[in-house]
Amino acid sequence: MPEERYTKPKDRKKTLLRLSKYLIRHKWGLFFAAVLTVAGNLFALVGPYLSGRAIDAIGTTAGEVDFKSVFIYCVWIILFYIASSGLTYILSVVMINISQKIVYRMRRDMFDRLSGFPVGAFDVKQAGDIVSRMSYDIDTVNASLSNHLVQICASFITVIVSFVMMMVISPPLVLAFIVTIPVSVIITRYLTRKVRPYFRKRSGKLGEMNGFVEEVITGLKTIKVYHREKVITRRFDRKNTEAVDAYFNADYHGSMVGPCVNFVNNLALTLVSAVGAALFLFGQIMLGDLSAFVLYSRKFSGPINEMANILSELQSSMAAAERVFRLIDEPVESEDEPDAHALEDVKGVVEMKNICFGYGDGKTVINDLNLYVSAGSLVAIVGPTGAGKTTLVNLLMRFYDPQSGIITVDGHDIRKVTRSSLRRSFAMVLQETWLFEGSVYDNIAYGKPGASLEEVTEAAKAAGIHPYISSLPEGYSTILSEEGSNISKGQKQLLTIARAMLADTRMLILDEATSNVDTHTERFIQQAMRKLMRNKTCFVIAHRLSTIRNADTILVVKDGQIAEQGKHNELIEREGIYAGLYSAQFC
Amino acid sequence: MKKILHYLKPYISKMTFGLFIKCVGTVMDLSLPWVLAYLIDDVVPAKSLSGIIFWGVAMLVCSALALVFNVGANRMAARVARDMTENLRHDLFFKIASLSCKQVDEKTIPSLQSRLTSDTYNVHQMVGMMQRMGVRAPILLVGGIIITLTLEPTLTLVMAATIPFVALVVWYVSKKSIPMYTGLQSAIDGLVRTVRENISGARVIKALSKTEYEKNRFEDVNSNVVDHEKKAGYTMALTNPFMNLLLNLGLTLVIIAGAFLVNQGLTQPGRIIAFLSYFVIILNAMLMVTHMFVILSKAIASGRRIADVLDTPDDMTVVPAERRETEYHVVFDRVSFSYLGCQDDLSEISFSLKRGETLGIIGLTGSGKSTIINLLMRLYDADSGEILIDGRPVNSIKQKELHTMFGVVFQDDAIFADTLARNIDFGRRLPEEQIERAAELAQASPFIKSLEEGLEHNLTSRGSNLSGGQRQRVLISRALAAEPDILILDDSSSALDYKTDSLLRGAINHHFANTTSIVIAQRISSILHADHILVLKDGKQIGYGNHENLLKSCEMYASLYELGINN
Chain A
4 MPEERYTKPK DRKKTLLRLS KYLIRHKWGL FFAAVLTVAG NLFALVGPYL
54 SGRAIDAIGT TAGEVDFKSV FIYCVWIILF YIASSGLTYI LSVVMINISQ
104 KIVYRMRRDM FDRLSGFPVG AFDVKQAGDI VSRMSYDIDT VNASLSNHLV
154 QICASFITVI VSFVMMMVIS PPLVLAFIVT IPVSVIITRY LTRKVRPYFR
204 KRSGKLGEMN GFVEEVITGL KTIKVYHREK VITRRFDRKN TEAVDAYFNA
254 DYHGSMVGPC VNFVNNLALT LVSAVGAALF LFGQIMLGDL SAFVLYSRKF
304 SGPINEMANI LSELQSSMAA AERVFRLIDE PVESEDEPDA HALEDVKGVV
354 EMKNICFGYG DGKTVINDLN LYVSAGSLVA IVGPTGAGKT TLVNLLMRFY
404 DPQSGIITVD GHDIRKVTRS SLRRSFAMVL QETWLFEGSV YDNIAYGKPG
454 ASLEEVTEAA KAAGIHPYIS SLPEGYSTIL SEEGSNISKG QKQLLTIARA
504 MLADTRMLIL DEATSNVDTH TERFIQQAMR KLMRNKTCFV IAHRLSTIRN
554 ADTILVVKDG QIAEQGKHNE LIEREGIYAG LYSAQFC
Chain B
134 MKKILHYLKP YISKMTFGLF IKCVGTVMDL SLPWVLAYLI DDVVPAKSLS
184 GIIFWGVAML VCSALALVFN VGANRMAARV ARDMTENLRH DLFFKIASLS
234 CKQVDEKTIP SLQSRLTSDT YNVHQMVGMM QRMGVRAPIL LVGGIIITLT
284 LEPTLTLVMA ATIPFVALVV WYVSKKSIPM YTGLQSAIDG LVRTVRENIS
334 GARVIKALSK TEYEKNRFED VNSNVVDHEK KAGYTMALTN PFMNLLLNLG
384 LTLVIIAGAF LVNQGLTQPG RIIAFLSYFV IILNAMLMVT HMFVILSKAI
434 ASGRRIADVL DTPDDMTVVP AERRETEYHV VFDRVSFSYL GCQDDLSEIS
484 FSLKRGETLG IIGLTGSGKS TIINLLMRLY DADSGEILID GRPVNSIKQK
534 ELHTMFGVVF QDDAIFADTL ARNIDFGRRL PEEQIERAAE LAQASPFIKS
584 LEEGLEHNLT SRGSNLSGGQ RQRVLISRAL AAEPDILILD DSSSALDYKT
634 DSLLRGAINH HFANTTSIVI AQRISSILHA DHILVLKDGK QIGYGNHENL
684 LKSCEMYASL YELGINN
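So the protein sequences, as listed, match chains A and B.
If you number the first sequence the way the numbering used here does, the last residue is 590 and the count never jumps.
If you number the second sequence the way the numbering used here does, the last residue is 700 and the count never jumps.
So that you can see chain A by itself, here it is in the shape it has in the complex (with noise of 0.2 Å):
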């Protein structure tokens, strides 16, 4: 996996204008929260002042309280905090709701994105570091968008409101005060310039460990067979030094912000009370008022001091959408032309026209094919190992665009017509047997909704594996766990073929559909796919020349070119390349 550039600097406002398109969807709840937070606020505020009358209240000399006073304050008071209670209850409430949404959405948008990726995309990109940015970086977003969001305006109308009351108190010593305040920007500026791309690094190596450990677990019973635990778990262990580097760089340093700004803070609270005490004793202020601005300015600095752990918070969450933005950025799958059709009553006549095509690394796969296949006949596609077979499923279900040349399906150019159609007109059975986590019966009926158990069991004695499946515990209902680990792999093929028997297409593609399987089995299954393949156009690719001996079209790959074409006897007869392959068989 390429390692991904940590200080490379990134567009930061990009990153915060998409994150604000996010929160801009539910501006009147942000809206709400606004006023619930000025309203806690303000109402907390309104204790202090209360509980000062009601001290007033009792005045200084005893037995001269007045009770009844001081019993109204404080059922007030009561009444304040629980209000001031209530309403950051709410606010918090609120809160969660909109940064769920948002985490949702963000979630799905990347999963649509993930869907969208070309086939090949999966083939470089390491599954558990998509995983760690659905995970772990969005949960970073979220704490963000959940916590510091209500703090920084919590924050705000403190300072404000101290702001106000020192100057009412006594405008040169704001100056005093206001000297310290850039002293503080330019020191947050330069830790959190500093400190982002250590929360750059921490999510990307995160990522970097986590597709290391999905790899491994994987393989957890080669390892084991070859006891290589202590070699694999040294392996990880650089993965963790990594990871744990970059975590401990990003708290250290996020972590000076805070006592940095706080000395800041303290400097201006000296300056303030030496200039003070200066302004004192030339007669310019009274001592009482002294004491006061002292106070709010410890009020206006404590939420500066907040808010600058939470900018290093931040960083982290930027750093981290970052990460799922770069994701829902990558290319994915063209769309549809605008005026494609969806293809209908498919007969099953295909047709290939100068296709060149290479995956892009250069190299050409195929190279000025063509071919003509009629429907309901049998196409058989054999060649050595790497000489191209895959790629013309690749093509032909466009899962990739050639170069140049076009295929048509029914006088149709694929190009013309919706992938989604020109898909489902295919049935499919891969080399790769894809079972997901669901009951046997979810497995079968995946390519045909709502199909009746009757069919589904009708699909899978056509496919030979009924006597199996009603041999479990549960039969058809029995759970195949993920990947479906628990059936060996001959089962898990037999399952996708049964898959592909019960969605009725007119084409079929087989790609090393039965080289899994027994002979026993593999003869069974092709009786019963003869059965299947019967007025369907039928693509099969296999290394077994067995399979493909009543192909209409036999199709030899070699480097890329078609080398020979024709029935079996006629290339037998030829004895090329297809002849000498048929008599190593029986070596």
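Just to be clear, a hint being listed does not mean it is correct.
[To be verified] In silico DSS-like links for lysine-lysine, alpha-carbon gap of 27 Å or less:
#1 K16/A x K197/A
#2 K224/A x K533/B
#3 K348/B x K128/A
[Said to hold, decoys possible] Pairwise CB distance ranges (calculated):
#4 I575/A x D514/B: 47 to 57 Å
#5 I331/A x L284/B: 50 to 60 Å
#6 A582/A x L684/B: 27 to 37 Å
#7 N642/B x V335/A: 44 to 54 Å
#8 L20/A x A300/B: 39 to 49 Å
Honestly, the hints are just simulated from the structure, not real lab data.
Yeah, the Cβ is synthetic: ideal placement off N, Cα and C, and Gly gets one too.
Mind docking chain B on chain A? Use the hints.
Coordinates of chain B only, in the frame set by chain A:
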């Protein structure tokens, strides 16, 4: 949680030192107002300019010290958190790598994955945060309470009356929320699983045009995570306002009680005012505590999930047993086994191989062929019967010794994102010639040589940049590289064309004459020449012998052979 805390033990001295520094830093921070009060109350009225300068400088020194000490302490805290997480994760990873296949099946891969990454991260956050904030809050809290006690013990007691209620809220919320966070983590497991399935099944999903369906499926797991998170969030959000309310109720009580005290001439209103300002400090400290408490709850839930894996008992313990004299290298004696513990997946399997012999196993899909090798390598323990290697029961052989005997290729075996050479070597530090030789014998050399970087060619994860046949040849190279005692090939040449397959068979026969081999195949031609052939059907042994014998004695074998020839 105890288990997790245990990991902090080596750092106790470091942490204590760090905490001490933090204490000093905090005290410096807190001493500023005190100096300030002294300056205003005593120095300024005395009209002494030099005094003002002196105390001003003192404040500067205090601020600078606070900065240095706090930064130093934070650095230490970050280092402790890093080291602790590193160790914890190392142990967890090693434990996961050592789990038996059965245990991995039970815990599931996505769950193990998220425990290793996001759960350890939660713990890391907690350890760092606790050290950074865990000092300030208690100092403020204890300090505040001590001062109020000296100031006005009666009123402090009134305020203290609210503390049991605060404790109750904390207890209740934590009791509720920790299981919620556990639930949240398993919801995340579900999300991870769906994403993984979609990545591995991208081709099928696209081919079947199920993208929309998968999107809906993802919506479900996504909503599930969101719901869990909301639920936990709502509960957690209760703490803050509730504590605020309770403490302020205490404050109101203090005012009322104060009113009575003043009325009886027992105290002055000035003292009540002072009391109230300290009270604000206590309140802030309490709020800090609740913040830590959120992180703590999350970390406890995660800690439990980690400990759950760490505490998994070792499955495959070694049972000492006597070595028996036998001429056979590998023996299966009436072995039966069931994965799920109900219906037997294998029953009464017996065979014996001399050193250097080859056993071919053939049978229908799902007849238990792979299970036999899983048992031989002790990935699972047999339910009954005995498996001997060189006269020693497999469960008496140390895992390390046992597992270095084999060269194996599984169906769907793992290829890692690394170079070809390192995939073949697989961390065994084999000499280069041996790797090259293995590649040569596995018929992988031609395609490796055609690559620009040769053996240094980088493979992608799962070997997705290789074709099926190339992948199998790399895997066979890996199995052959360490010159194993026992070679196991589980349907590992299915993607090879016949010519390569037969060349491979020839190479193995010729160069590994002393290696006992077990070959599982779908096709008779791959095992035709084996010394012994085992025919399996539904986990039962329905034929055992060599090719000629089986043709006569085993009807199924004969029919399989018939089929193979006709094809």
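Evaluation of the provided hints:
A distance of roughly 17 Å separates the Cα atoms of K16/A and K197/A; the hinted pair therefore holds under the 27 Å criterion. About 14 Å separates the Cα atoms of K224/A and K533/B, which keeps this hinted pair within 27 Å; it holds. As the CA atoms of K348/B and K128/A are separated by approximately 20 Å, the hinted pair is consistent with the 27 Å bound. Taking the beta carbon of each, I575/A and D514/B are about 52 Å apart, inside 47 to 57 Å as hinted.
The beta-carbon spacing between I331/A and L284/B, approximately 58 Å, falls within the hinted interval of 50 to 60 Å. The supplied range of 27 to 37 Å is met by A582/A and L684/B, whose beta-carbon atoms lie about 29 Å from each other. Remark: the range hint 44 to 54 Å for N642/B to V335/A is upheld by a beta-carbon distance near 50 Å. Distance hint check for L20/A and A300/B: the Cβ-Cβ separation is about 46 Å, which falls inside the suggested range of 39 to 49 Å.
The structure agrees with every numbered hint stated previously.
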